[in-house]
Structure formats: structure tokens, C-alpha cells
Amino acid sequence: MKRIKTTKEAFNKDLAALLDKFDVFAPSTKQGKLDYLNITDPEDITWTDDLPYKSPKETVFPRVEEIMRFTKDDVVPTANVKPVLLLGAKPCDIESFDVFDGVFTSEKGLYIDPFYKERRDKMLIIGSGCAAKKPGCFCDERGYDMTFSDKCDAFVALDGDDMYIDLITDRAEGLFSGSDCPPREVNKAPETTLKIDAHENDIFTTMPWEDWAMSCIGCGTCTYVCPTCHCFDIRDADDKGEVTRCRLWDSCMYSNFTLHAGGTNPRTTQAARYRQRVMHKYVYLRDNIGITACTGCGRCIRLCPGGINIHDTVKDIMGRTGKK
Amino acid sequence: MSMNPYLPIPARIEEIIQETTSDSQDVKTYRLKPKTVIDFMPGQFVECSVPGVGESTFGFASNPLVKDGIELTIKRTGRVTQAIHMLSAGDTLWIRGPFGNGFPVDFFEGHDLFFVVGGLGLAPLRPLIEYVLDKNNRDKYGKINMMIAARTPKDFIFTYDYDRWASCRDVHIYQTIDAAVPGWDKFVGFPNNLIKDIEFDGQNTIGLICGPPIMIKLNAAAFKSLGIATDRIYTTLEMRMTCGLGKCGKCNIGHRYVCLDGPVFSMKELDEMPGEY
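Protein chains in written order, with the working numbering: chain A, 1 to 324; chain B, 1001 to 1277.
One or more hints might be untrue.
To be verified - Under the rule of at most 30 Å between Cα atoms (straight-line distance), these lysine-lysine pairs were calculated in the DSSO-like manner:
| # | chain 1 | residue 1 | chain 2 | residue 2 |
| --- | --- | --- | --- | --- |
| 1 | B | Lys1028 | A | Lys72 |
| 2 | A | Lys72 | B | Lys1075 |
| 3 | B | Lys1035 | A | Lys240 |
| 4 | A | Lys240 | B | Lys1067 |
| 5 | A | Lys72 | B | Lys1217 |
| 6 | A | Lys72 | B | Lys1033 |
| 7 | B | Lys1075 | A | Lys117 |
| 8 | A | Lys195 | B | Lys1268 |
| 9 | A | Lys54 | B | Lys1250 |
| 10 | A | Lys195 | B | Lys1250 |
| 11 | B | Lys1217 | B | Lys1028 |
| 12 | A | Lys122 | B | Lys1250 |
| 13 | A | Lys133 | A | Lys72 |
| 14 | A | Lys117 | B | Lys1035 |
| 15 | A | Lys315 | B | Lys1250 |
| 16 | A | Lys72 | B | Lys1035 |
| 17 | B | Lys1033 | A | Lys240 |
If you're looking for bench data, these hints aren't it; they were derived computationally from the structure.
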């Protein structure tokens, strides 16, 4: 892994030259909130150790995405957009793309999702590390190094006016100028201490889900800010006879998520919905794609109006199923 | 199927058959001619849509060996089915599929079959019935019993098929309704209380159940008590689903997806899964 050194000013200049080719998303501040925003000027990047309040998933999995358009006797898939350059993605957020790739493009599923795959294949990710854990963060317990991830194309570190860039994949070569410098020393990833080993049937009915979900108001905030939540709905829009079909984020926290047209609902309580969210992440995806779908970013914990804490829930499950 | 599993193809409505005549249940069968042939196995399903309204999930209801068209049997229930019921012959529906696993017809060979269905539950089993009654397949399967249940005499579907089915070798059709009405001379009551009175060999029978969740549970228990092992009791489940591709996250029971691992499950499989259906 090659490392180059440049200045923030030169970096911004190189980045500006990429704005034509890419939709650039980077941590930026709007209305006082730090978020991964589509920027048109490198000066708009907020260089801070803070974690953007939402995940960057919408760069490849938009909240509302037109997927096709109906003509009289045919249907035309919506041509995809400009490639995305995600800059300043934190290691936890970089980790989340493993989950999306597992669900949407894995050979383990029978189907490849062409809309996601096209965006993802074109996407370039440039990461940046965290110097300190934030309240609610637990990426270390999930086994991730908060200072660095190599699951991206390049990784940047700002030091005063100096910028260090680790070039990880071939795709990152030549994007930025700079002089060679000694490679980064990569920390050993911490041991994963927060995970569920138990079989789904051993926790489905035996855990106090009602107690854990008692303050859940079903707002769905956890699923919207989560970097790995990917459940979706498909809806049509009819604009004076011009029909488009769109994919939209959905949430397992909503009572109508599983409601049948005929009135049956297999998940009638908020406790059952919270159970679905925890088990989908820590048990079902573990079994289906071999990845626990929680990066330890802590967003759902910081933003839950009911104070629900998935870290504590999982810790409790581990205790009750014989794991520390 | 297209390389893009989200893209539907147009299917012309050739004929619409009004199945039920009761006030509470409006069920119609749509005979469709898809733009390209859709090859499916009994138990599989399609996503069917009315552009501008939306997409819903329906099991195939027709003979899978007939290649020049498909049939979907649709009860007017929600937004999409309401819109479908507004269409006429000559109009277009949009479909994509087939999806799901289907019935293990090879495993069923050499066995007797006992169908227990309630109301619209006959629709997803009709492809299997037609498949096993096909002249090239009939000898592979033994005696066939069907206990067909409906709320009232007006709620039975595919009544025009019963005589043809019953004329095949060793096929026995029984009908039952929830509560007695004047002029009804067949069974009255729920199937789980009636199947013990039908002669069948529990050791060599595949039990097939389709209906509301409570009906599946009660009849699986009844079959079990009459000697059918749980790995020979099959059902096909209904779940709200969006994609049919194992991605949208709606139809899972535990780690398994009804759209990928199902909709057909044995009771042995269901017994090993969390009871969230």
C-alpha cells in the first residue's frame, strides 16, 4: 500500500477536477448538522473527527430511486447516474458496504440487484479515520479498527495543512498528486467481543423482548440512520399518465411493514418488530451471508427517542445465552 | 426471465372468470397471455402489477404444463387487487417471475395425496392438482383425496373443474362449508374435524394444506395425529413481499425468506423455524 503526502490545498484542487466525473459526497455541515452531503466545492467539506449523523448508504441506495418507466407496451429500466465518490467515509461506514454487497450482489442470493450493482461498481470510496470514540460508539467491540479500513479505494488523513493519502486499489492511482512517503502503520483490528453465537430458536421466544422494546414508539429513526438497514418498498408514481416505478426505504419498525392486504399481520407488537431488527442484524444475516450487520456506529442509540440501546440488548442476549 | 429481475413483461388479459357469487368474497380468475412464455412449477408465484397503482404477489393458479398462457386467481382485497378487478379482457397486466421454490413433485411420486384447502387456498394448489392429474403423470401418484372448504356454498372456486378432476382414476373430492344451510347435502364443519372420517393411508400419504394460518396449524396437527409424518405434510405460505428476490426484507420467518426458501414448506421445516407466520 503506497502512501503519498500532499497539501490540503493541492488535494482540494485535485478533488475539484473530479467533480465533473463524480457526484462527490463528503462530510459537510448543513443547518448545524454534519452529514454525508453531495458537495460541489471542496471548501464545503467539514474536516472533523465527528461522525456524520446519518450513514452514507443513500449514496448507492437512495431514499427514493426511480428504477423504471412504463411506456405503452414496454418498460424501460432507468439509466443510471454519475458515479459516486464517497469521501471521508468512516471505517464503520465503509464496513456497511460489505453488508449491502452481501445482500444485493452476493452469489449466495439467487439474484443480483442490477440497480445497486451498477452504482456500487462505479463507486469510489475514500475513507478517513476516527481519533476518538464518540458516545454510543462500539465499533471496537464489533472488531473494527476505528483509525483505518482497507475496504476502500484510498484513505486520507489531514494533519494541519498536510494531507496523507494511502492508495489502496488501482482505481485510486493517479487521482491525487503528491510525493511518496513511508507507508502507514496499520493497527491490529480489535477482537470481536459483541456478537451472538446462539441459534435463532434459542433467543426468539426466550428473551424479554417486551421489556427491551417497551419505550419503542415505532418511529423508524434507527432504521433510517443505520448504515446497514436496507429493507425497501416499491411504489409507483403516476404523473398525468407518465408512470414510474420507484424503490423507497422501508422500515421493519412500522406496523404495516408486514401487514397483509387481507388483514393478517405476523408481527403485531412493537416487541416483535424490535426483535426482527436485532435478529436480522445479529442472527439472520449472520446465517445468510456470514456477516453480522452492525458496524457499531452507535447512531441508532444516539438518536432513539425511546433510549433503546442495541448494544445493551445484544450484551444481555450474550449473557442469557451463556456468553459473556 | 429478463436479466433484470425487477422488470415486468406485459400480459394481455384473455378472459376473466367470476369465481364466487357471495357478497363478501369477490374472486376472479384472470387468464393471461404473457408477451413471452413463463415456465413455472406448481407452487411458484409471480409479481403482478397495474402501472401507477402497484405490484402484488400471486401464486400461479393454472396448469404448468399448458404453455400458451397462465391463470391468476385474485380476490378483491386491497389497492392493487381493486385495480385489477377494474380491468377488462383485452387490458394488460404486468408480471415478473416465476419466483419461489415450488412443490417437490419428484419427492411426492409413489405417494397418495391428500389436499386440504380453504377458500382461495385452492388456487395455489390447482397447478399441482393439474400436474399430478396430467395423463403423463397420473401413474406416478396414488390415490388422491381433496377436502375443499369454503365459508358458504357460494364461496367455492374452480367448481367447473371438480367433475373433470373427479373423473380421473382414484380421485375423491369432498366439500365442506362452515355452517349448515338449507339444500346443502355435503360436509359441514372445519376440515380438521372431518379428515379423520376419510379413508386414507397415513403411512403413505403426502398431506397438502393451504388456507389461513390457523387452518394450516389445525390441519397439520390433524394429519399428524392420523399418522402422516411432518416431513410429508406440506403447505404454501402467504407473506407480504415486495421484491420476490430475498432482498426487501419483508417475508422472512427467522433467517429464511418465504420468497426464496418458500413459499412451499414442509411442516418439519416450519416446526424448526420461529413461529412468526
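How the hints compare with the structure:
Restraint check: the Cα-Cα separation between lysine 1028/B and lysine 72/A comes to about 25 Å, which is no more than 30 Å; the hinted pair holds. Pair hint lysine 72/A plus lysine 1075/B holds up; C-alpha atoms about 27 Å apart against a cutoff of 30 Å. With a CA separation close to 26 Å, the supplied pair lysine 1035/B and lysine 240/A stays within the 30 Å bound. Of the supplied pair hints, the one linking lysine 240/A and lysine 1067/B is violated, its CA atoms being roughly 36 Å apart against a limit of 30 Å.
At roughly 45 Å between alpha-carbon atoms, lysine 72/A and lysine 1217/B are farther apart than 30 Å, so this suggested pair is violated. In summary, the hint linking lysine 72/A to lysine 1033/B is supported, as the alpha carbons are separated by about 17 Å, within the 30 Å threshold. Proposed proximity of lysine 1075/B and lysine 117/A is contradicted: the alpha carbons are some 36 Å apart, above 30 Å. Proposed proximity of lysine 195/A and lysine 1268/B is supported: the alpha carbons are some 29 Å apart, at most 30 Å.
As the CA atoms of lysine 54/A and lysine 1250/B are separated by approximately 23 Å, the hinted pair is consistent with the 30 Å bound. Simply put, lysine 195/A and lysine 1250/B have alpha-carbon atoms about 24 Å apart, close enough for the 30 Å limit, and the pair holds. A threshold of 30 Å between alpha carbons decides the hint, and for lysine 1217/B with lysine 1028/B the separation of about 27 Å falls inside it, so the pair holds. Between lysine 122/A and lysine 1250/B, the direct Cα distance comes to roughly 28 Å. Compliance with the 30 Å bound is thereby established for this hinted pair.
Simply put, lysine 133/A and lysine 72/A have alpha-carbon atoms about 55 Å apart, too far for the 30 Å limit, and the pair is violated. In summary, the hint linking lysine 117/A to lysine 1035/B is supported, as the alpha carbons are separated by about 27 Å, within the 30 Å threshold. Distance check on the hinted pair: lysine 315/A and lysine 1250/B sit about 26 Å apart at the alpha-carbon level, within 30 Å; holds. Distance restraint check for lysine 72/A and lysine 1035/B: the Cα-Cα separation of roughly 14 Å lies within the 30 Å cut-off, and the hinted pair is therefore satisfied.
A threshold of 30 Å between alpha carbons decides the hint, and for lysine 1033/B with lysine 240/A the separation of about 28 Å falls inside it, so the pair holds.
When held up to the earlier numbered hints, the structure conflicts with 4, 5, 7, 13 and fits the remainder.
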